[in-house]
Amino acid sequence: MAIDIPRIPLGDGIEGGLDFLTSHYSMVTRGISRVTQSGITVLNDGLMWLPEWALMAIIALICWRVANLRLGIGAVLGLALIWNLGLWDPMIETLTLVVIATFVAVVIAMPLGVLAAISDRFYSVIMPVLDFMQTMPAFVYLIPAIPFFGIGSVSAIFATVIFSMPPAIRFTTLGIRQVPKDLIEAADAFGATRSQKLIKIQFPLSLPTIMAGINQTIMLALSMVVIAAMIGADGLGSEVWRAIQRLRPGDGFEAGIAVVILAMLLDRITQALRKPKKKAS
Amino acid sequence: MTETDETNIKIQVRGLSKVFGSQPKKALELRNQGKKRPEILEKTGQTLGLSNIDFDVREGELLVIMGLSGSGKSTLIRCLNRLIEPTEGDIVIDGQNIPKLSEKELLECRRRHFSMVFQNFALFPHKTVQENAEYGLEVRGIEKKSRVESARNSLKQVGLDGWEDAYPSQLSGGMQQRVGLARALANDSTVMLMDEAFSALDPLIRKDMQQELIELQHRMKKTTIFITHDLDEAISIGDRIILLKDGEVVQMGTPEDILTRPADDYVARFVEGVDMSRIFTANSAMRSVRATARDSDGPRTVLRKMSDNGLDSIYVIGRDRTLLGIVNVDDVDAAAKAGKDTINELIQNDFPKAGPDEPMNNLFAMFNDKSYPIAIVDDNQRLLGVVVKGAVLEKLAEAGEH
Chain A
1 MAIDIPRIPL GDGIEGGLDF LTSHYSMVTR GISRVTQSGI TVLNDGLMWL
51 PEWALMAIIA LICWRVANLR LGIGAVLGLA LIWNLGLWDP MIETLTLVVI
101 ATFVAVVIAM PLGVLAAISD RFYSVIMPVL DFMQTMPAFV YLIPAIPFFG
151 IGSVSAIFAT VIFSMPPAIR FTTLGIRQVP KDLIEAADAF GATRSQKLIK
201 IQFPLSLPTI MAGINQTIML ALSMVVIAAM IGADGLGSEV WRAIQRLRPG
251 DGFEAGIAVV ILAMLLDRIT QALRKPKKKA S
Chain B
1 MTETDETNIK IQVRGLSKVF GSQPKKALEL RNQGKKRPEI LEKTGQTLGL
51 SNIDFDVREG ELLVIMGLSG SGKSTLIRCL NRLIEPTEGD IVIDGQNIPK
101 LSEKELLECR RRHFSMVFQN FALFPHKTVQ ENAEYGLEVR GIEKKSRVES
151 ARNSLKQVGL DGWEDAYPSQ LSGGMQQRVG LARALANDST VMLMDEAFSA
201 LDPLIRKDMQ QELIELQHRM KKTTIFITHD LDEAISIGDR IILLKDGEVV
251 QMGTPEDILT RPADDYVARF VEGVDMSRIF TANSAMRSVR ATARDSDGPR
301 TVLRKMSDNG LDSIYVIGRD RTLLGIVNVD DVDAAAKAGK DTINELIQND
351 FPKAGPDEPM NNLFAMFNDK SYPIAIVDDN QRLLGVVVKG AVLEKLAEAG
401 EH
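Respectively, the protein sequence lines represent chains A and B.
Each residue of the first sequence is one higher than the last, beginning at 1 in the working numbering.
Each residue of the second sequence is one higher than the last, beginning at 1 in the working numbering.
These aren't lab readings, by the way, just hints derived from the structure by calculation.
Keep in mind that the hints are not guaranteed to be accurate.
Sample of chain B residues facing chain A (criterion: CB under 7 Å; computed from the structure) [to be verified]:
| hint | residue |
| --- | --- |
| 1 | Arg-110 |
| 2 | Met-116 |
| 3 | Ala-122 |
| 4 | His-126 |
| 5 | Gly-136 |
| 6 | Val-139 |
Note that the structure is predicted; figures quoted are calculated from it, not measured.
Don't be surprised by glycine CBs; every beta carbon is placed ideally from N, CA and C.
Make the full structure from the sequences, and use the hints.
Shown next, in the form of structure tokens:
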């Protein structure tokens, strides 16, 4: 016996909301789009302008300074392979998207994370939102991105920012809340204001945790900009996408390996930044 | 012993109470009906942390607040600078009533009046020793140059010069707490709050730190409130002691008051374990000298004085009662038989000597095989009196009865 319960028009509601946003806030979205696009262009052109060997040397130097010589040599070998495979330009495009998406995500995440650490009420509001953002399949973000920003890199960045932001917020909140109570009490006892506590005590002490969050954000951003090739983002993702469409596993793996190399370099560099070198007395 | 001016009150605490829980009024009502902490907890679910505390802190004194865990001593010290908000009562420091201060005034008050030393040091691990010591001044917005100087000074005071650039994690526990102390001193606040400051240190280091605190405190005359659960510690450093139990003051007084005249059974039980001989000083066992010889006396005069008083030896004093030494009966007798007319070359210096503040247990070790009484002298070496072995034993026995 089938009871006739009308289907809840959840999807229709969401679509209506998105339509409303697109039509009424097109000024805003167009503005964001323009700014982001020019950011992408400037960074991309800058990285492209450098000769391959120069950029390789710079990245290797960074690896050596923040981590060790081994990572520096690894960077040279990995990047040389990408260059050799003819994937240099797509790699730069991917790197650009990752850098910009991470930057935007961190800029939004920091204040939210701090707020959630200070205010229990905000914490209880934002945590379910973050759960939602993280468990929603990544592809779904691509769909509303298109009406907002059209096909292309800006949409990719929009989806990537939403997808990769949660760990940065979570870890910032966690880091600040983890600062031992007795240190906060000490700061209070000496008459520190809230911002003095935040800037001089809580923030520096939670930096390793915050950096771990940023590391996670970068990794998620990288995975998302690859997927974003489906809505027309340039880069290594579009190489993979093309290989799928033409059924050429060799090309697909080449691009995939390039993504892995890029991921490893970004991961190791940010990991190394997490552990500040102890100054010897 | 510090000379505290009775009229100079630094902090006045009146009717201070603290209830932990959401319905403090209810708990205080029950308290006013004479109910005690366990009953209030059972009836309302509210914990009466402190109840109607009254006391004064005198300018320049080292006041110890002592009690077992749960007695409310940590709550009390935190109410003073409102790290914990008191439920009712007044805390007046230099005319300001702390519980009534606005947020901004409170910050100002904390900066000016209070610096705190914590049980677990609470040093900032990302700052160097120097930066830690500067912290209070940094918060106050003192310019870099002068705060570097004050921090360096206070680090020197606690014996940490040369460690400025080290991080706290590189230091031992004792040294870390010195940094904590330096941080509090550099701030140059009017009151120092020390919350179980030495409890996390091992016993030997702890003794050293107590000694240093006493010296530092006497030198700088900084009003200090020291929390401890350890009666021995309280007695050896405190000018006065306040004993807390279940959030109430049980007794208040000098260490000697508390030990010799415990206010009730609770205090008496507390005091039982204490080594009393450390408390009594030479002063309490001293008696006046029955007879002394003058350096101008001849042997026969001295012999006469000794036989009149039944003495085997006699202390020799000069003008102004300055102690010169001791002579014994055999030597004087020999000199008299030899027809000498002075005792100057008979004077010996191997006699025990102590100040009036010397603890009794130190005195006991001073008696040598000749059994000379211990000469008690003041700072100018004038003879005040003597302590004989019997008097020490008698005092110790008396102490044992408490």
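* To do: Output the numbers, in ascending order, of every earlier hint that fails for this structure.
  => Going through the list in order, the structure violates no hint and respects every one.
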